[in-house]
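Participant: Position 37, counted from 1, in the sequence shown is what the UniProt record's numbering calls 37; the numbers after and before it change by one each time, with no gaps.
In short, the hints are calculated from the structure, not lab data. A virtual CB, placed ideally from N, CA and C, is assigned to each residue, including glycine. Mixed in with the good hints there might be a few duds.
[Stated by the list, open to error] Computed Cβ-Cβ distance ranges for the label pairs, DEER-style: (1) P92 <-> E134: 37 to 43 Å; (2) G44 <-> G75: 30 to 36 Å; (3) R12 <-> F91: 14 to 20 Å; (4) A20 <-> P92: 28 to 34 Å.
[To be verified] Think about it this way: if two alpha-carbon atoms lie no more than 20 Å apart in a straight line, the pair counts; the simulated DMTMM-like pairs of lysine to aspartate or glutamate are: (5) K26 <-> D94; (6) K114 <-> D94; (7) K114 <-> E97; (8) K114 <-> D22; (9) K114 <-> E133; (10) K114 <-> E59.
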Amino acid sequence: MSTRPSSPIAARVEVIRPAAADSRGKVRAVTAVTVGEDEAVFPGHYPGFPIFPGVCVIECVHLSGLRTPPPGTAGLELVAVESTRFLRPVFPGDRLEVDLVWTGGSGAWRCAAKVATERGAAAQVRLRFTGEEEPTERGAAAQVRLRFTGEEEPTERGAAAQVRLRFTGEEEPTERGAAAQVRLRFTGEEA
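With the hints as constraints, model all of the structure from the sequences given.
Facilitator: Structure follows, in structure tokens:
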């Protein structure tokens, strides 16, 4: 049974490189989509001069994003097409290379994609997705990452040791240094 969502295009997404962080910490993936001459859109778009519609290029990026989710993410759903720019037409038989860069986290993801054919850049597309964080290998389904801001906030008891924490969903060092970062894991057990 296929888990592919309903789509107006017949082309299949081939994963060239699954989503993974690169040397600069950006989550990247690469896919390829070959536009078949039998796509249902070609007879009407345009008779005698078939061009793959821009909305179908966006759909190729959407399907590529679903096939290459950021590590630790499940259940991605498209919530917005934020921007598109079509640079060159796509014709029957073209092989699209889709280079995706994921940003965000904690259930809100942005996918910026550059689409190219053998003739050069064809489109730039930015999509927004929602998704769920997958449980970790230890089974802690509610793992979150928090950072100290260094600001103290008094409590009703006047506890001077309390600090305000800010959720960022990232694992990068703060401007004050990695020593200020703390990771907490909720296990569901009471102390």
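Participant: If a hint holds in the structure, say so; if it doesn't, say that too.
Facilitator: Results for each hint:
1. P92 <-> E134: 37 to 43 Å: At roughly 38 Å between Cβ atoms, E134 and P92 fall inside 37 to 43 Å, so the hint holds.
2. G44 <-> G75: 30 to 36 Å: For G44 and G75 the Cβ distance comes to about 34 Å; the hint holds.
3. R12 <-> F91: 14 to 20 Å: The hinted range 14 to 20 Å holds for R12 and F91, with Cβ atoms some 18 Å apart.
4. A20 <-> P92: 28 to 34 Å: holds, 32 Å
5. K26 <-> D94: violated, 28 Å
6. K114 <-> D94: With a Cα-Cα distance of about 15 Å, the restraint between K114 and D94 holds, given a limit of 20 Å.
7. K114 <-> E97: Distance of about 8 Å is within 20 Å: holds.
8. K114 <-> D22: holds, 17 Å
9. K114 <-> E133: This hinted pair is violated, its Cα atoms lying about 26 Å apart.
10. K114 <-> E59: holds, 13 Å
Violation of the numbered hints given earlier is confined to hints 5, 9; the remaining hints are satisfied by the structure.
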